[in-house]
Amino acid sequence: MEIIKTENPAQNEPPKAPSAKSFLKNHMREYGMLLALVAIMIMFQVLTDGTLMRPANLTNLFLQNSYIIIMAIGMLLVIVAGHIDLSVGSVVGFIGALAAVMSVNYDLPTLVVVPACLLMGLTIGAAQGYWVAYWKIPSFIVTLAGMLIFRGLTLALLEGQSVGPFPKSFQLLSTGFVPDVFGVGRPNMTAMVLGVLAAVSIVFLAARQRAQALRYGIQDEPFSFFIIKNTMVAIALIYISYLLATYRGLPNVLITMAVLVAVYTFITNSTMLGRRVYAVGGNEKAAKLSGINTERLTFFTFANMGMLAALAGMIFAARLNTATPKAGFAFELDVIAAVFIGGASMTGGVGKVIGAVVGALIMGVMNNGMSILGIGIDWQQVIKGAVLLAAVIFDVYNKRKAR
Amino acid sequence: MQNVILEMREITKEFPGVKALDRVNLKVKSGEIHALVGENGAGKSTLMKVLSGVYPHGSYTGAILFEGETVEFNTIRDSEEKGIIIIHQELALVPLLSIAENLFLGNENVEGGRINWPHTYARTQELLAKVGLKESPTTKVGSLGVGKQQLIEIAKALAKKVKLLILDEPTASLQENDSAKLLDLLLEFKAQGISSILITHKLNEISRVADSITVIRDGASVSTLDCQANSISEADIIRDMVGRDMANRYPSRDASIGQQLLSVSKWNVWHPVDSDRQVIEDIHFDVSAGEVVGIAGLMGSGRTELAMSIFGKSYGKNIQGEVKMRGLPVDVSSVPKAIKSGLAYVTEDRKELGLVLDESIKINTTMAALGRVSKHGVINKSEEHQVAEGYRKALRVRTPSVLQTVGNLSGGNQQKVVLSKWLYSQPDVLILDEPTRGIDVGAKFEIYSIINELAMDGKGVLMISSEMPELLGMCDRIYVMNEGRFEGVLNKDEASQEKIMSMIVKA
Chain Y
1 MEIIKTENPA QNEPPKAPSA KSFLKNHMRE YGMLLALVAI MIMFQVLTDG TLMRPANLTN
61 LFLQNSYIII MAIGMLLVIV AGHIDLSVGS VVGFIGALAA VMSVNYDLPT LVVVPACLLM
121 GLTIGAAQGY WVAYWKIPSF IVTLAGMLIF RGLTLALLEG QSVGPFPKSF QLLSTGFVPD
181 VFGVGRPNMT AMVLGVLAAV SIVFLAARQR AQALRYGIQD EPFSFFIIKN TMVAIALIYI
241 SYLLATYRGL PNVLITMAVL VAVYTFITNS TMLGRRVYAV GGNEKAAKLS GINTERLTFF
301 TFANMGMLAA LAGMIFAARL NTATPKAGFA FELDVIAAVF IGGASMTGGV GKVIGAVVGA
361 LIMGVMNNGM SILGIGIDWQ QVIKGAVLLA AVIFDVYNKR KAR
Chain Z
1 MQNVILEMRE ITKEFPGVKA LDRVNLKVKS GEIHALVGEN GAGKSTLMKV LSGVYPHGSY
61 TGAILFEGET VEFNTIRDSE EKGIIIIHQE LALVPLLSIA ENLFLGNENV EGGRINWPHT
121 YARTQELLAK VGLKESPTTK VGSLGVGKQQ LIEIAKALAK KVKLLILDEP TASLQENDSA
181 KLLDLLLEFK AQGISSILIT HKLNEISRVA DSITVIRDGA SVSTLDCQAN SISEADIIRD
241 MVGRDMANRY PSRDASIGQQ LLSVSKWNVW HPVDSDRQVI EDIHFDVSAG EVVGIAGLMG
301 SGRTELAMSI FGKSYGKNIQ GEVKMRGLPV DVSSVPKAIK SGLAYVTEDR KELGLVLDES
361 IKINTTMAAL GRVSKHGVIN KSEEHQVAEG YRKALRVRTP SVLQTVGNLS GGNQQKVVLS
421 KWLYSQPDVL ILDEPTRGID VGAKFEIYSI INELAMDGKG VLMISSEMPE LLGMCDRIYV
481 MNEGRFEGVL NKDEASQEKI MSMIVKA
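Just so you know, the protein sequences line up as chains Y and Z, in that order. Residue 216 in the numbering used here sits at position 216 of the first sequence; the count goes up by one each step and never skips. Residue 242 in the numbering used here sits at position 242 of the second sequence; the count goes up by one each step and never skips.
Isolated chain Y, as found in the complex:
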C-alpha cells in the first residue's frame, strides 16, 4: 500500500452476497458434523427409550469422554502440523501410574503430584518432538517407539500391579462437582448460571464477530443461518446444563474441558502461534521461506500434546481411582479417529478444535449409546470403524466435487 498508488476501480466491485444454497455447499463439512452429532444423539435417545439424555447418564457421558476430548485438542494441533502421535495412550497409562506411585506409595500431596505429572508429560512430549522436529525422523516411528517405551515403563513402575486408591483430593480431578454456591439444592443453581453464562458469551462473541465481518463486507453466512445456529447452540447448552443441574451439577472435568476448548480455539484462531502451525502443516517449505521457525513449532505441538496427555492420564486414573498397567490402552486410536471425524486432513494444515471436540463427542455418544443397547464390544468396533471411514470418504468426496 505504501508503495503502489495506482488504483483501478473497475476491478474493485464489491463481493456479491452468495445464496443460502451455495453457502451451505461451501460449509457442508462444518454443519455436516454438527448435524451428524445431533442426529446420532436423537437416534440413540429414541433407541434407548430416553436413557441417553437422562441426567445421570449425561454426566457419565462427559466423565467417560473427557480425557478423549482433552487429548483430541492436542492431537488436532499435531495433525494440523502434519504429524501424528501414537504414544498418547501409553503416556496416559504411564502418567496414571506415576501419579499413583507418588500419591499412594510416597504419600505426596496432590498439589505436588499434579504439577509434577504435567511437567513429566511436557517432558515426554518434548523428547519425542525433539526427534521429529530437529532430526526429521517421521513422527509415526518416533511415537510408535514412545508407545512401546511408555507402555513398558507403566508396567515397570506398577510392577504389574494395580495401585490405588487415590487420596480424596486427587479424585476430585475427575469425580468432583462444582459446589452449589447458591445453596438451593436441586436443580443446582451454579450449574444453571454457568450454563446460561456460557450460552450468552458464545452468542455475544458470535454476534461481535459477525458485526465485524459485515463491516468489511466479508460475511457470507445468511442472517437466518446465523440466528438458527446460535439459537440452537444456546438452547442446547442451557438444556444440557439444566439436565446436569438436576443431577449433581457440573463435573469439574467439564469445566476443565470447557476452559481448554476456549483457550485452544483462541490460540488456533487468533494467535500468531496458531496461524503458524497451520502454515507449517499447509506448506512447510513455504512457511520456512517466509521466516517461520518450523522446527520450533513442530516441537511445540508435541510438547503440548504430552502435557495434555498427562492431564488426561491423571483424570482417567482419578476416575477409576486406581492406576492399572492396561490404562489408556488403544486410546490413541479413539483420539486420532475423533480428530479425523472432526474434519482434519491427513496431510496437515486443515482442522478445527471445535471439529475435534465434535468428533470426540460423536465417538463418545456412539460408545455410550451402543453400550446401553447392549451391543457387544465386537460390533461396536465395527460400527466405529465404519463411521470413521464414512466421515473421511465424505470429506474426500466433497473436495473432489469442489474441484
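No lab work stands behind these hints, which were simulated from the structure alone. Treat the hints loosely; a few may be bogus.
Unchecked claim - Simulated pairs of lysine-lysine, DSS-like, Cα-Cα distance not exceeding 25 Å:
1) Lys160/Z <-> Lys148/Z
2) Lys399/Y <-> Lys384/Y
3) Lys313/Z <-> Lys288/Y
4) Lys288/Y <-> Lys340/Z
5) Lys340/Z <-> Lys266/Z
6) Lys288/Y <-> Lys381/Z
7) Lys351/Z <-> Lys285/Y
8) Lys130/Z <-> Lys288/Y
As the list claims (entries may be wrong) - In silico contact screen, one side only, chain Y against chain Z (beta carbon under 10 Å); selected entries:
9) Ile42
10) Gln209
11) Ala213
12) Leu273
13) Asn283
14) Lys285
Every residue gets a Cβ at the ideal spot worked out from N, C-alpha and C, and that includes glycine.
Given chain Y, put chain Z in place with the hints provided.
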C-alpha cells in the same frame, strides 16, 4: 537414407490462457541427428511431450507422421511401442534398484510369472556394452554418477528397440568428458541407423554432431538449417533463437539510482548432498536503491541456488562470503535474520515454495510479517483484513475477496499474492526468481509495472529470469551467470541478447 522418419505438421497446443505451440513444423530425416534449439520456455519440451503422447492425441491440433503413416498416441506407451523413446532431463531411474532391474522396469523378462534373472543379466551386459559402460548389472543405480546414469537411461531406451531417440538436454548436468562420450555414442547410433533429436543449449555440441537444426521461438518453428549443405555459424543460430520484436512489452521507467543497498562478495556455496561439488564459485555483485539488476543464465546455471543461499542459507553447505546492506555486514544465516536485514525472496516455484495453497489470500499475505498485525502474539484480524485488502487492490489481484483460497487463483494472481506477502515484510531489496514464469502476457505486463514502481520507490530489485528479452526490457544492469560463476556484467545500453547468449555458450 534420406527419407523422412518423423514429420510433425502444424502442431498447435493451447493451455488455458497461453498458446504454447503455434503451428510448429518439424521434419526429421531417418538416420540423422536433429538438433532442436530455443530459449527456455520456447516450447521445445511441450513439442516433445506432444510427440511422445504425454499430451494425448486430441489435446492438440496438427498431424504426426511416423515412418510415413499418421500416428495418434494417447500414452507414452503408445509412442514407445512405435520406437520413439524420450529421455527427460530429470532422469527416471529408481536409485535403490540395480542397473538390470532399472533397465527392464515395466518391461521385465518374465516366464510363467517369474522373472528370468539369468536372461535379464545377460541382456543387461549386452546393453551396457553397447553404451560403453563397464558396470556389473547388479550395481545399484544410485551409486553411479550422473553421467553414467544418463548412459543407463540410453541403455534402457535401447532395450525397447528404439528407432527415434529424443534427448532433452542430456549434457546439462554432465562434466566435459562425459558429455563428449555421450555425443560419440549418438554418432555411433547414427551409424547404426537410429535417428535422434537432441535438445540442447550448447552450440558447440550442435556444430559437432548435428546434421540439421530446427530453431523454435515463442512456440513457433522459426527455421530449419541444414548443416551439411551450408556452413552454419553460431551467430546464425543465436540470431534465430532470440530475434524478436520487443516493442512495448515492457513499461518504461526513469531510473534514478541511489545508494548501494545489497552487496555480496566472495560468495561460495557447495552442494548440500554432494559436498565436493561447488555450486557457486566466487560471486560478487551489488544492487543499489532504485535499481533493477538482472541475472541471466540458463536453467541449472546456479541462479536459484545463489539466491537461496543468500536468503537465510536456505540452500547449500559450507557457505562462505560476505553480505552487506548499506555497507554494513549483516547476518543472513537464517530466514528470519535475512528478512530482518531487509531481504525478501520471491521463489521461482510459487506453488511449492511460495504459497500455502489451501489458505486464503489474506493469510498468505501476512505470513512473512504476521508480527506487524499482531500485538502480544494475538492477531488483530480486522487490521489483517485491511492490510490484505489494500494489497489486493494495489496489486490488482482479480478476485472479489481476500478470503478466496489461493489454490483457485490463476498463475498471475498467485504471483501477485506472493509479491503482496513480501511487500508487506517491508524489504529494502527484493530478489525475484522467475517472477513471470507461467503467467500470461497481460499479467506479465502488470508484474513488470509493479517491479518498476518498487524501484521508483527506492527499493533494490534483483531479478532472475530465463527470458532474456524480459531482462533486457527491465534491467539497468545484467549479470551473466553460467555454471555457478558470473561470466560478466552488461549495462543496459550495451546489453543485447546476442551478447548474453554468446557469453553463455562460449564460456
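Hints versus structure:
no. : hint                  : in the structure
1   : Lys160/Z <-> Lys148/Z : holds (19 Å)
2   : Lys399/Y <-> Lys384/Y : holds (23 Å)
3   : Lys313/Z <-> Lys288/Y : holds (11 Å)
4   : Lys288/Y <-> Lys340/Z : holds (15 Å)
5   : Lys340/Z <-> Lys266/Z : holds (22 Å)
6   : Lys288/Y <-> Lys381/Z : holds (23 Å)
7   : Lys351/Z <-> Lys285/Y : holds (10 Å)
8   : Lys130/Z <-> Lys288/Y : violated (47 Å)
9   : Ile42                 : violated (33 Å)
10  : Gln209                : holds (9 Å)
11  : Ala213                : holds (9 Å)
12  : Leu273                : holds (6 Å)
13  : Asn283                : holds (4 Å)
14  : Lys285                : holds (5 Å)
The structure shown violates the earlier hints numbered 8 and 9.
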